[in-house]
Structures are given as C-alpha cells and as structure tokens.
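First to last, the sequence lines map onto chains A and B. Take 42 as the starting number for the first sequence in my numbering and just add one per residue. Take 5 as the starting number for the second sequence in my numbering and just add one per residue.
Note that these hints are calculated values from the structure, not bench results. It cannot be assumed that every hint is accurate.
[What the hints assert, rightly or not] Dumping the calculated DSBU-like pairs for lysine-lysine here, alpha-carbon to alpha-carbon at most 30 Å: (1) B:K373 <-> B:K310; (2) A:K116 <-> A:K160; (3) A:K152 <-> B:K76; (4) B:K125 <-> B:K108; (5) B:K406 <-> B:K419; (6) B:K406 <-> B:K177; (7) A:K164 <-> B:K427; (8) B:K427 <-> B:K496; (9) B:K427 <-> B:K406; (10) B:K496 <-> A:K152; (11) B:K108 <-> A:K152; (12) A:K160 <-> B:K125; (13) B:K195 <-> B:K427; (14) A:K164 <-> A:K194; (15) B:K419 <-> B:K310; (16) B:K24 <-> B:K125; (17) A:K160 <-> B:K108; (18) A:K116 <-> B:K24.
[What the hints assert, rightly or not] Just a sample of chain B residues kept apart from chain A, beta carbon distances all over 10 Å, derived: (19) V34; (20) G91; (21) F377.
Cβ coordinates follow ideal geometry from the N, Cα and C atoms, glycine included.
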Amino acid sequence: MKPKNITPRDAEVLLDVDDFIVSKTDLTGRITYANRTFMAISGYNEFQLFGIQHNLVRHPDMPRGVFRFLWDTLKSGHEFFGFVKNMTADGGYYWVFANVTIDVDAAGNPKGYYSVRRKPNPKALEQVIPLYREMLEVEQRHPASSAPDQSLKWLQQLLADRGVDYENLVLELQG
Amino acid sequence: MIKKTFTHGVSRHIPFLRTKFVLVCIGFVVLTLAMAGLSFFHYGPQWELAVFPLLALCFAGYAVSSFRRPLKVLQDLQQALVASNRGELFNRVTDTYGMGELGKVAWELNEFLDQMETFFKEVNTCFSRVANGEFHRRAIAVGLPGQFAASLTSINAAIDAMAENVRYISRNKLLSQLHSLNTTNLLRNLKTIQADLARISEEMDSVEQSTLQNVSGANSNLETVATIRTSMDAILAKVEHVSQVVGALSGESEEVAQALKIISDIADQTSLLALNASIEAARAGEQGRGFAVVAEEVKALSERTKGATAEITSTIGRFSSRVRQMVEESATARELAGSVTTTVQQFERSFGEIAASGENTLQRLAFAKDISFNSLVKVDHIVFKQNGYMGMTEGPESEEAKAASSVHTQCRLGKWYYEGRGKEEFSHTTAYRALEIPHQTVHDAIHRALEVAGSHWEQDTSLHDEIISHVRVAEDASIEVMEQIDRMAQEKYASR
C-alpha cells in the first residue's frame, strides 16, 4: 500500500558521484523493480515498492508539468532527461538527474519503462530550482485539471523565447 | 538457424536437483517405514512404532515444500540469464526475500543486468541519434564501473570524431556547391567581359581602318595637289610662250611698217617723177621723145611697187600662221584650266570623305569607350560577388565579408549608376531603368546568404540549403545585371 501523508522535511540526501539508481515500471507506471541503491536512498524496502505507482517518491515541490512532459516525451518514442526532486520515506528529499527510456522486447514491443538516476550537477540545480518554483506558481493559478498543461506551456514558451531546445539545455546544464 | 538443445552432455542421465531431492525424501520416508516394519515384525504391534514414519513423512513434506521457493528463484535466475542470452536485458529476479545466498546471487545478477542494460541503452541511443545527424547526445558513463565507463568514454570520443567529420563534410559540401556556382557564373561573367574586349578590339580595328582610309585619302590629296601644281606650271609655260609669240608678232609688225615706208618712198619718187615728166613735156612740146624716158622710169617704179607688195603678202601670211598658233595655244590653255577644275572637284570630294570618316571614327571611339567602361563596371560587380563568396567561407569578420556587406547604392556599380558616368551616359535608356531592381536583388540576396553563413550552418543542412538558395537568387539577378549593362550601350548607339 502507498503510505499517505508523509510530511516533507528539509533534510537532503546527497548522492555520491557513482551512485546509480535504477528502477523499472510496467506500462501503467507501477514499480516492477528497484535496485538496492534506490532502496537505500529512498528508505523503502521491496515490499513497500513493488507493485506501487512510481509517484510514491514524488516530492510536492515538483511541478506536475514536468511529469506531463516526461510522459509526452516517452509516448512519442523518445528518451526523457530531467532534474527531479524526490521524497524519501521519512519526508526528506534527494535531487537526481533522471534518464527514462522505454523497455522493448526482441520484437520491438514496449514492455515497460526504465529509469536511471545519477547525481545532478549542483550548478544545474541553481538554475532548475527557480524555474520549477515559477512553474509551481503557474500551476497554483490554474485549476488542478489544467495546471500541468499550463505550466508546461509556460516552460516551452520560455525555452522558445530563449531559442533553446529542452534536451539540449538539460544536457548542457548537467555537463 | 539450428537451435542447440544441449541434451547430449555428460549430465544428461543425471536427474535435476528437484528430482534428486524428492528421491532423497522418498528414500528417507521408505527407510523410516522399513525400520518401523522391522520393529513391528520383531516386537509385535506397538502404536508408538507408527509415530516415527508419520514424523518422517511430515518432515519430508515440509522439506519438499520449503525447497520449492529456492528452486523457483533458481528457475527465475535461469530464465533471466536465458533472456539475457537472447539479448533481452530488461528481466530482473525480484522475489528473493529471505533467500540468503541465493538472494545475494539474484541481486548481483540484477545489478549486473542494470549496468549491461544501461550500457547498451546508452550506446544504442547515442548511435541512433548520430544516425539522425544529432551529435549532442553523449553516452553518460557516470555510475557505471570500469570497463563499461571506459567503453562509453571511447564511444563519446568516436562521436566527437564523427561530429567533426560531419561538420567537415557539410562544410566541404557547401564549399563545393558554392564553388561550382561561383565557377559557373564567374565563367559566364568572364565570357561577357571577353566578348566586350573582343568588341573593343573589333572597334579598334575599325578605328584603325578608318585611320588608314584617312591616310590614303590624305595621300591622294597630296597627289591631287601635285597634279594641280604641274597643271599650273604648264599654264605658266604656255602663257610665257604666248607672250613670246606676241613679241615676235610685234617684230613682224615693224617689218610691215618698214615695207610700208618703202612703198611710201616709192610713191613719193613716183609722184616727183610724174611732176618732172609733166614739166619736161610742157617745155619740149613736140619733142615728145622725152616721154620715152619717163615711161621707163614709171615702169621701174611699178616693178619696185610689185616687189614691195609681194613682201607684204608674205609677211601677212606669216602673221596669220602666228595667229593660228596663238589660237591653238589658247585652246590648250582652256583644256588645262578644265582639268584643274576637275582636280579641284576631286580634291573637295576627298576632303568630304575625310570629314565623314572622321565622324565615324569619333562615334566608334565613343562606343568603344562606353563598352570598356561598362566592362569595368561588370568587373566591379564580379569582384563584389567574389567578396560575397569569400565572406561566406572566411566568416563574417573577414575583410571580404565586410566588403560584400555594402548596400546597392554604395558599391562601385551603385556609385556609377546613381551619381557617375552610368547616370550621365545611359539614364535615357530603358535598360538603365531595368538595371536597378536586379542589382538591388543581388545585394540583398548576398547579404542574406552572409547572414546565414555567420550562424552554425555546419550542423544544420537546412541552413546550408538556405545559403545555396540565396546565392542562386543572387546569381540569377546578376545575369540580369550583366545583360542590362550590355543592352544600355546597344540601345544608346542603335538610335544613331
């Protein structure tokens, strides 16, 4: 069962340079596999994770527009890169640089999603955190149903104004 | 492909672990039962004897059932490995709670598969992006151990090399396209200059021809003048001769006068004799014999008169002959005068021809001058385009790019057109007016091409195509510019 109402705390878990978090979900987003690093950092065990929606570790500071973009990207057949703030079982948080791809079998049929998370570049976070804060503000100004679309639109407009492509920007920030 | 089944090895007659374990359990239960049966046979029926076989049966049942999970994990491990052998790296072995050593094996396999899967996904993604011409997606080696990370780093170096190569190829492709466009059009431009120079040389030939005509005209004038002088000399000689003839004529006149004086003397003597005779006749009367003497005297007188008359006749004859001569001389003089008139007429005609030929020469010279000036303007225009081409390959900061960024009113052709000789000489032609738009188009298109060439066109083929399309527009307009410059001169001289 998904635990409810964890109160976020200002306690950061910092990843090491060679920390390598891996998880897999089925096509509906339920966790089918998590490696030991994931469990060690998130504070959940196998029984608390397997079969549960991956948004179990979603932090309330994350704009929903980012996840909307993640699913749009994956559904169009591309890999997703992004900086994500996740929440641990005890309400703490950890920042990751996530790469999500689709698992396909030998015949090319999608089987699920595969996510690898690495230590984010701290300099990148200095730029990403204020952006996410503004996206959250956009989301708060709109009804919950349209909020993710609105904040994503805001982000895409910002990138278009700066003349940059999302993936190029994110990869460049991570370095 | 023939699928190998691995059913003929040394283990083929040896049962699997599960079967072995079940056999061992059955053996254990059978052994216990046999021991219970033996006791029953020796000591008679005792109910306690049934306890041990029952316990053994329960224990065997428990052992078989608790051996099922580790076996399941083993099967899962086997399946995961089989799938990995098939190339499917996404399987993991998860239900290993409390499996101890087996659990550890499962986790090690899982994490090995994590690394393998990540490694291959990275490689796959990078190369499929590279195949689409995207080079910014590098393989991320962070978090992967030794050999994997080293491999990904090498792959990144290879992608860098490929990107560099693609940039190089793209650059070369554009350069060669530009070069071929340039060469084709430069050749065409040079051909028009060549045609102009040929035309100028032709015109110069005509000028030379005209000049030669002038020289021969001048020579024939000299000859004509010489003829006139000879004629004049002849006239002078004739006139002198006439004066001599007239002199001779006056000598003859004197002789005539003398002869007439003699006649007059004779007449005087005759008259005196006649007087004497009349006096004598009067004195002698009858003595007429004296008349005979008188008669003789008169006879002599008449003879002398006769001689004088003959002399006069001869003189007059000579005089007449002189006069005839004079008439002839004057006829000759008239003829000479006539020939002088003809010569003078020729002289006038020659001078007329010289004047006309001079006019023609001037006009041809003006045409040749216009063509050569227009040629210079064409060369200026070609140089502007060459600067454009060089600016595209050398970058926006190069001298050439700066030279090619001039607006159409400020380049040399523009100054010629808007303030210089072009305006003075050709502004009345329709070709002059038709020249402005294509010239402006050349400048605008070259500026746009330079602008795009200043961006990162090496990575973007669409920019590359954009540059080529702008240059094509410029070259097409440039052909029009050249044609209108030619037409201006033709139009200006066609009306003359």
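K160 of chain A paired with K125 of chain B [C-alpha distance capped at 30 Å]: holds (19 Å)
Pair hint outcome, K125 of chain B versus K108 of chain B [Cα-Cα no greater than 30 Å]: holds (25 Å)
Pair hint outcome, K427 of chain B versus K406 of chain B [Cα-Cα no greater than 30 Å]: The given pair, whose Cα atoms are some 26 Å apart, holds under the 30 Å limit.
K373 of chain B paired with K310 of chain B [C-alpha distance capped at 30 Å]: violated (94 Å)
30 Å Cα cutoff - pair K406 of chain B, K177 of chain B: holds (24 Å)
Pair hint outcome, K195 of chain B versus K427 of chain B [Cα-Cα no greater than 30 Å]: Cα-Cα ~25 Å, so holds.
K24 of chain B paired with K125 of chain B [C-alpha distance capped at 30 Å]: Judged against 30 Å, a Cα distance of about 41 Å means the pair is violated.
Restraint check for K164 of chain A with K427 of chain B, where alpha carbons must lie at most 30 Å apart: violated (64 Å)
Restraint status (C-alpha distance of K152 of chain A to K76 of chain B at most 30 Å): Holds. K152 of chain A to K76 of chain B sits at ~23 Å (cutoff 30 Å).
Hinted pair K419 of chain B and K310 of chain B, Cα distance within 30 Å: Outside the cut-off at roughly 111 Å; violated.
30 Å limit on alpha-carbon distance, applied to hinted pair K108 of chain B and K152 of chain A: holds (26 Å)
Pair hint outcome, K116 of chain A versus K24 of chain B [Cα-Cα no greater than 30 Å]: The hint is violated at about 50 Å.
This entry does not satisfy hints 1, 7, 10, 15, 16, 18, 20, going by the numbered hints stated previously.
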